[in-house]
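Chemist: What follows is each chain in one-letter form.
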Amino acid sequence: MQRVPSRLSVAVACLFSLAIVGCSTTPKKEQQPNGKKVSINPDPYPSTYSPIDGQPTIIRNVTILTGTGEKIDNGAIYFADGKVVALGADVDAPADAQVIDGKGKWVTPGIIDTHSHLGVYPNPSTRSHSDGNEMVNPVTAGVWAEHAVWPQDPGFGRALAGGVTSMQILPGSANLFGGRSVVLKNVPNRTMQDMKFPDAPHGLKMACGENPKRVYGEKGGPMTRMGNVAGYRQAWSDAQDYIVQWERYDREFDEGKNPKPPKRDLKLETLAGVLKGDILVHMHCYRADEMTVMMDVMKEFEYKIGTFHHAVEAYKVADKLKEQNVCSAMWADWWGFKMEAYDGIRENIPLVHQAGACAIVHSDSDLGIQRLNQEAAKAWSDGKRAGIEISQADAWQWLSANPAKALGIYDHTGSLEAGKNADVVLWSGDPFSTYSQAEKVYIDGGLAYDRANPEQWPVSDFELGQVGEGDIK
Amino acid sequence: MKLMLSLLATAVMSTSVWAENIAIMGGKVHTMTQLGTMEKATILIKDGKIAQIDSDLRVPDNYRKIDATGKVITPGFVGALTTLGLVEVSSSAGVVDSTVKKAGITKTGAALDVSYALNPDSSLVNISRVEGVTSAATTISNVDTLFYGQGAVMSLGEEPLLKAHAFMKVDVGSKGAEESGGSRAALWVALEAALAEAASVEGKLDAKDDWDGINSRADVAALKKVLSGKMPLFMQADRAADIRQVIAFKKRHPDINVVLVHGVEAWRVAKQLAAHKIPVIIDPEFNLPGGFDQLGATLANAARLEKAGVMVAIGMDTHNIRLAAQHAGNAVANGLSHDAGLASLTSAPAKILGMQDTIGSISQGKRADIVIWSGDPLEVTEAAEQVFVNGEPIKMESRQTKLRDRYLSSQKESHAQPTQYLRP
Numbered sequence: 047m048q049r050v051p052s053r054l055s056v057a058v059a060c061l062f063s064l065a066i067v068g069c070s071t072t073p074k075k076e077q078q079p080n081g082k083k084v085s086i087n088p089d090p091y092p093s094t095y096s097p098i099d100g101q102p103t104i105i106r107n108v109t110i111l112t113g114t115g116e117k118i119d120n121g122a123i124y125f126a127d128g129k130v131v132a133l134g135a136d137v138d139a140p141a142d143a144q145v146i147d148g149k150g151k152w153v154t155p156g157i158i159d160t161h162s163h164l165g166v167y168p169n170p171s172t173r174s175h176s177d178g179n180e181m182v183n184p185v186t187a188g189v190w191a192e193h194a195v196w197p198q199d200p201g202f203g204r205a206l207a208g209g210v211t212s213m214q215i216l217p218g219s220a221n222l223f224g225g226r227s228v229v230l231k232n233v234p235n236r237t238m239q240d241m242k243f244p245d246a247p248h249g250l251k252m253a254c255g256e257n258p259k260r261v262y263g264e265k266g267g268p269m270t271r272m273g274n275v276a277g278y279r280q281a282w283s284d285a286q287d288y289i290v291q292w293e294r295y296d297r298e299f300d301e302g303k304n305p306k307p308p309k310r311d312l313k314l315e316t317l318a319g320v321l322k323g324d325i326l327v328h329m330h331c332y333r334a335d336e337m338t339v340m341m342d343v344m345k346e347f348e349y350k351i352g353t354f355h356h357a358v359e360a361y362k363v364a365d366k367l368k369e370q371n372v373c374s375a376m377w378a379d380w381w382g383f384k385m386e387a388y389d390g391i392r393e394n395i396p397l398v399h400q401a402g403a404c405a406i407v408h409s410d411s412d413l414g415i416q417r418l419n420q421e422a423a424k425a426w427s428d429g430k431r432a433g434i435e436i437s438q439a440d441a442w443q444w445l446s447a448n449p450a451k452a453l454g455i456y457d458h459t460g461s462l463e464a465g466k467n468a469d470v471v472l473w474s475g476d477p478f479s480t481y482s483q484a485e486k487v488y489i490d491g492g493l494a495y496d497r498a499n500p501e502q503w504p505v506s507d508f509e510l511g512q513v514g515e516g517d518i519k
Numbered sequence: 004m005k006l007m008l009s010l011l012a013t014a015v016m017s018t019s020v021w022a023e024n025i026a027i028m029g030g031k032v033h034t035m036t037q038l039g040t041m042e043k044a045t046i047l048i049k050d051g052k053i054a055q056i057d058s059d060l061r062v063p064d065n066y067r068k069i070d071a072t073g074k075v076i077t078p079g080f081v082g083a084l085t086t087l088g089l090v091e092v093s094s095s096a097g098v099v100d101s102t103v104k105k106a107g108i109t110k111t112g113a114a115l116d117v118s119y120a121l122n123p124d125s126s127l128v129n130i131s132r133v134e135g136v137t138s139a140a141t142t143i144s145n146v147d148t149l150f151y152g153q154g155a156v157m158s159l160g161e162e163p164l165l166k167a168h169a170f171m172k173v174d175v176g177s178k179g180a181e182e183s184g185g186s187r188a189a190l191w192v193a194l195e196a197a198l199a200e201a202a203s204v205e206g207k208l209d210a211k212d213d214w215d216g217i218n219s220r221a222d223v224a225a226l227k228k229v230l231s232g233k234m235p236l237f238m239q240a241d242r243a244a245d246i247r248q249v250i251a252f253k254k255r256h257p258d259i260n261v262v263l264v265h266g267v268e269a270w271r272v273a274k275q276l277a278a279h280k281i282p283v284i285i286d287p288e289f290n291l292p293g294g295f296d297q298l299g300a301t302l303a304n305a306a307r308l309e310k311a312g313v314m315v316a317i318g319m320d321t322h323n324i325r326l327a328a329q330h331a332g333n334a335v336a337n338g339l340s341h342d343a344g345l346a347s348l349t350s351a352p353a354k355i356l357g358m359q360d361t362i363g364s365i366s367q368g369k370r371a372d373i374v375i376w377s378g379d380p381l382e383v384t385e386a387a388e389q390v391f392v393n394g395e396p397i398k399m400e401s402r403q404t405k406l407r408d409r410y411l412s413s414q415k416e417s418h419a420q421p422t423q424y425l426r427p
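Protein sequence lines, in the order shown, are assigned to chains A and B.
Counting along the first sequence from 1, when you hit position 98 you're at 144 in our numbering, and nothing is skipped either side.
Counting along the second sequence from 1, when you hit position 136 you're at 139 in our numbering, and nothing is skipped either side.
Hints listed in this document are in silico derivations from the structure and should not be mistaken for laboratory results.
Errors might be hidden in some of the hints.
What the hints assert, rightly or not - In silico DSS-like pairs for lysine-lysine, Cα to Cα no more than 27 Å straight-line:
(1) 43/B <-> 68/B
(2) 405/B <-> 430/A
(3) 105/B <-> 178/B
(4) 129/A <-> 151/A
(5) 415/B <-> 430/A
(6) 354/B <-> 233/B
(7) 166/B <-> 105/B
(8) 366/A <-> 405/B
(9) 178/B <-> 274/B
(10) 415/B <-> 366/A
(11) 303/A <-> 322/A
(12) 398/B <-> 430/A
(13) 31/B <-> 354/B
(14) 313/A <-> 265/A
(15) 430/A <-> 31/B
(16) 265/A <-> 104/B
(17) 366/A <-> 384/A
(18) 384/A <-> 405/B
(19) 368/A <-> 117/A
(20) 105/B <-> 384/A
(21) 384/A <-> 265/A
(22) 68/B <-> 52/B
(23) 178/B <-> 384/A
(24) 166/B <-> 233/B
(25) 178/B <-> 104/B
(26) 207/B <-> 233/B
(27) 345/A <-> 313/A
(28) 354/B <-> 280/B
(29) 415/B <-> 398/B
(30) 415/B <-> 368/A
(31) 430/A <-> 368/A
(32) 405/B <-> 368/A
(33) 227/B <-> 211/B
(34) 309/A <-> 322/A
(35) 254/B <-> 228/B
(36) 104/B <-> 384/A
(37) 398/B <-> 43/B
(38) 398/B <-> 68/B
Kindly generate the complete structure, drawing on both the sequences and the hints.
Modeler: The structure is reproduced here in structure tokens:
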């Protein structure tokens, strides 16, 4: 595939570098009478997130997992103005900083869940709220999860109490191409845009295996795994053609030929974004053999699969996953609910880690997202019993650094390092224990959750005036 | 521990024909009886039963000794409400015996009987028991009738059936309403009418008797066991108003052995539940309003029920019934006492199922379903190290451990042969 820069790719690049002058004023529409080149606004639904006001805070005498594989015993962390300023055995802080004694407690980076359907499959899970699967066509790459996120889903607040500071909201897995995902900061607010993680790249949800063939088997196909792969290949091929059309338009425009721009196709626009490397692929896939076929499709069409989600059999091909640098986002112990989940084992995550591949703990559940630390703890201890020695400090990378990398936000969050966002959780004790709980959760340095202060617990509009409003959740 | 495991490996070969006598020595034993927790005790196992437990005990000569110093010992866990033995793979993978579509033999669903369907070779059996689950209540989970048939208590050992006709479930919340014409106004009338009809039949309905009831003949026979209190009635409800109806039902039918199931808002009527001695089976992690029946969902449910004096059982799952311990642990993290957390997995479900003389505690005469744990079983990082079912140390192996060992081995060294030739 030719990789000539086009207007489309330049425009998409603005997503990641807002500093480029003129990006925000890029003309939105396609058909210009004459003279002006048509280009696509890559960010038509921009983030309006603003952090909760924080105060400079130092937590002392605390055990810190940095998220980069380090553990600091009896250390300190100081954060101010939304950023981590310093951490280590001893840290200076101004006299007016708020001081928290962390004796017996632990600090970690905020948990990042790469697989959530909060807001698109919210609670209450009524049919009228079911907005996660556009089950009308196996290829719906043109739909965006962010257009369906209901910010009043009480699940956001529950996840916050579990130490989750950012998450990716994905469309479901009914379709070969389910649509674009969105990354949110877990500060429940009025609108999706108020929660949208600034500068995070878009993701594309894809799905292998049983779900698409079950959904479309009697609705025109795909009916088999053969049909699934033919569906991906045809779509990628169409996207290549789409890119060529726009490149031709760009070229002819530059030659002064005043060409007619191609008809905009939202589905192919997303796929083209993947082929150009601007949109990250998140692919629901369980079986080892199937993941390997997908990595060949990836090579055939020269794109990148960022993460296999669920990846229940990743342990069987961990070497191949490492070789292709594809992450696996996994549960600790879910298995057996369908054939492709039949070979789930408790040591999946540690085996993938041990092979040197990228391992992520994910939830795909409004309950699981509330205790992802326990999922990591189970995987860590199961690995240990099987002779796979991984430090807790390394294991925490499954919860924050690796997911941040998989979402393209590691420059901002996912580890505790000076200059990064102060997404910090203070745990009542060792977070690998069932009995430990998140006591304070800071997002960009603002105190988003404080277990000791029920008055400040988030209560969604839906829960106001209902039984259980403001109760222990 | 290594020594102990190798000793056990030889024991695994033994069969129930000449089960050996075993002494488990020096562990911290949660007896789940009035004796409470014994910091260092010895348990004698003979003929599949617990022969004796004491903190100061001389072990007779013909007992094999297992050192459990530093370990934690509990009764085997009792899955409170599962479909174990009735399902292998839930979706698109052949017959699932926990799902029953319209069947000619039943009109109200009461007659269905899972005791015929239990499959001890299901991979879920080994996968669950190596993690400490040694028995479970199991029943139908999906019907389009009023009742969910007659559940059974299953052992995760060689002989699966511990008790047939052990309980019957009925949903008196939204799901039950949907199956009864879409409204509780129909559901409760149907329930009362079905029971009244069964009560009106004297003796046994014969095949030659004329019968055109709401129930089939077989349904009537099953419901009679519910009416007499022999077979507990598991009533599933979440909304506090529905639970109040369950309590009113108990007042109308004092002989029926009522158990509340699911009970997301049970904490709101905890005192009344305690007053009427209605135990509950819950998943304490449900803290979201999945619908308008669960608006009061809270992680404090289990703790508040305990405080009011309600007996709480935990463990509603099937493929991952092994995670019931984690669920109970999270209830403890949110205020349930640790003792009640352990009881919710052992003595409470045993009592609910009327099996307290057989399983769910460690005391003389009980079935020797016992687990030696690496530490606190409610901690996610601890695990079962050796499980005994009916007095036999089981092989701590499952499909999953074999898959693990095959790929651990293939990861460790590059083999000349493809993976399928590797036998773990």
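Chemist: Measure nothing beyond the straight line between the CA atoms of residue 254/B and residue 228/B; if it is 27 Å or shorter, mark the hint as holding.
Modeler: holds (18 Å)
Chemist: Decide if the proposed pair is consistent with the structure: residue 31/B and residue 354/B, CA atoms, cutoff 27 Å inclusive.
Modeler: holds (23 Å)
Chemist: Would the hint linking residue 313/A and residue 265/A be met if the CA-CA limit is 27 Å?
Modeler: Holds, because 20 Å separates the two Cα atoms, which is no more than 27 Å.
Chemist: Check the hint pairing residue 309/A with residue 322/A against an upper bound of 27 Å on the C-alpha distance.
Modeler: This hinted pair holds, its Cα atoms lying about 19 Å apart.
Chemist: Please verify whether residue 129/A and residue 151/A have alpha carbons no more than 27 Å apart.
Modeler: It holds: about 21 Å lies between the C-alpha atoms, which stays within 27 Å.
Chemist: Between residue 368/A and residue 117/A, does the CA-CA distance stay at or below 27 Å?
Modeler: holds (25 Å)
Chemist: Can the restraint linking residue 398/B and residue 43/B be considered satisfied, given a maximum Cα separation of 27 Å?
Modeler: Status holds; Cα separation ~25 Å.
Chemist: For residue 265/A and residue 104/B, compute the direct alpha-carbon distance and say whether it is at most 27 Å.
Modeler: With a Cα-Cα distance of about 24 Å, the restraint between residue 265/A and residue 104/B holds, given a limit of 27 Å.
Chemist: For the pair supplied as a hint, residue 405/B and residue 430/A, is the alpha-carbon distance within the 27 Å limit?
Modeler: holds (17 Å)
Chemist: Would you mind confirming whether the straight-line C-alpha gap from residue 398/B to residue 68/B stays at or under 27 Å?
Modeler: holds (18 Å)
Chemist: Does the structure keep residue 178/B and residue 274/B at a Cα separation of 27 Å or less?
Modeler: holds (26 Å)
Chemist: Between residue 105/B and residue 384/A, is the straight-line Cα distance small enough, at 27 Å or below?
Modeler: Roughly 24 Å between the alpha carbons, so the hint for residue 105/B and residue 384/A holds.
In summary, this structure violates none of the numbered hints.
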